[in-house]
Amino acid sequence: MKAGRLERTVGVVLGVGAIVSVALLGMGIAGMCAAHVGPLDRPFPPFDLERLPADLASLKPAGFLWLGLLAVILTPSIRVIASLVGFAAAGERRMVAVAVVVLAAICLSAALGAGG
Amino acid sequence: MAELLLLIGSGVAAGAFGALLGLGGGVLIVPLLTLGFGLPLREAVGASLVCVIVTSSAAASVYLQRDVANLRLGMTLEMFTATAAMAGGLVAFIVPDRVLALMFAALLAYVAVTMARVRDARGDADAGDAPHARHVSRPTGRTTGDAPDADPREAAEEDERPSASVEPDGSGALTASLSGPGYRVRNLGRGVLGSLLAGVVSALFGVGGGIVKVPVMNLVMGVPIRVATATSNLMIGVTASAGALVYLFRGGIDPYVAAPTAVGVFAGASLASRLSHRVDLGTLRLLFVAVLVVTAAQMALRGIG
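Taken in sequence, the protein lines are chains X and H.
For the first sequence, my numbering gives the first residue as 5, with consecutive numbering after it.
For the second sequence, my numbering gives the first residue as 33, with consecutive numbering after it.
Just chain X, with the same shape it has in the complex (with noise of 0.2 Å):
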């Protein structure tokens, strides 16, 4: 992969992953105001992945909130992924090792705010 094309693919990454975060925060939006939810309302809905499905197939704000912010957080994660193959592919092997680096950095945050 050349490094314009990589720039065009990873740039592409970003873009359809912030639509799709704010696409899927303006349905949660839509769900709060359908089931007359005030944003200062408390409490409010812990992050849980394992109810998340639930959450969703019962078609329920929170669902949709902490998916979007789900899709937020994790979007930069993904466009070090495409970068880290796109790397991988043109044999930038130094390159690879700073993905893996900054991927590890970002695992190593979810652990530890998991962990607290």
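These are computed hints drawn from the structure, not numbers from a lab.
Among the clues, some could well be false.
What the hints assert, rightly or not - Distance ranges between label pairs, derived from CB positions:
hint, chain 1, residue 1, chain 2, residue 2, range
1, H, Ile336, X, Gly119, 32 to 42 Å
2, H, Gly204, X, Val89, 24 to 34 Å
3, X, Arg46, H, Gly41, 14 to 24 Å
4, H, Val311, X, Pro47, 32 to 42 Å
5, H, Gly204, X, Cys111, 26 to 36 Å
6, X, Gly119, H, Gly70, 26 to 36 Å
For clarity, every value in this text was computed on a predicted model and none was experimentally measured.
Yeah, the Cβ is synthetic: ideal placement off N, Cα and C, and Gly gets one too.
With chain X fixed as given, assemble chain H onto it according to the hints.
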């Protein structure tokens, strides 16, 4: 319903205001949510990080497809911004709320001063003192530089910038591989230090960290301002993402607040890119400095209790 519309509207205003002035919006969103909506500071920072990632992804997408952002340099520095953001995110849950508010007030004051200096520098430039203006405005004009459409005057200025000198510390092969057309990256070590600071600032305060990254890349590493702005924007996503994951798993993100704010900021930033040529940026900048000063004072009062 009224609260929801108000939150989305506030997000639109923060996104538009920030994008018009080359900011990510985080510096506006945190005070807006804490002082305007009474949210705890850490939840405001969590929501702000989400907003910063959305705007960064959208803007960086454009920058990459236009071949302005330097992907290799950005990813190399991301190793350090992401690691530092993880540490900053953990520290944010230890630091008392009041101390965090005081630190945020200091950050706002710093941004206000740099924005005011940009205004002064541009005034000086108009009066013919161009070298001074360039020296001051380069690092600050795009400090948080997250808007997809950079100031065309700065972009044009940059096209005339000569290539940077050869790396003196022997890491020539590495810096050469990170360089781009018309410039050569230098002082990678100092860039790493700047990236570590940017990562901590991002996760602690819910901002993109461009306020550190752009000046470091431009002034210290010899990266043209337009490329530095675009590359910083690219890095903001991963940096804020590392911090946001800590907030997510520690219950620091309120989906009812983060989602409408993020959608509002996204819409506002998109709107601003279409309006940027119709707005008097000088007046807007002055207004922004005034808002920042008042907000910094309010945050300081909150910190003092």
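*Enumerated hints in conflict with the structure, sorted upward*: none
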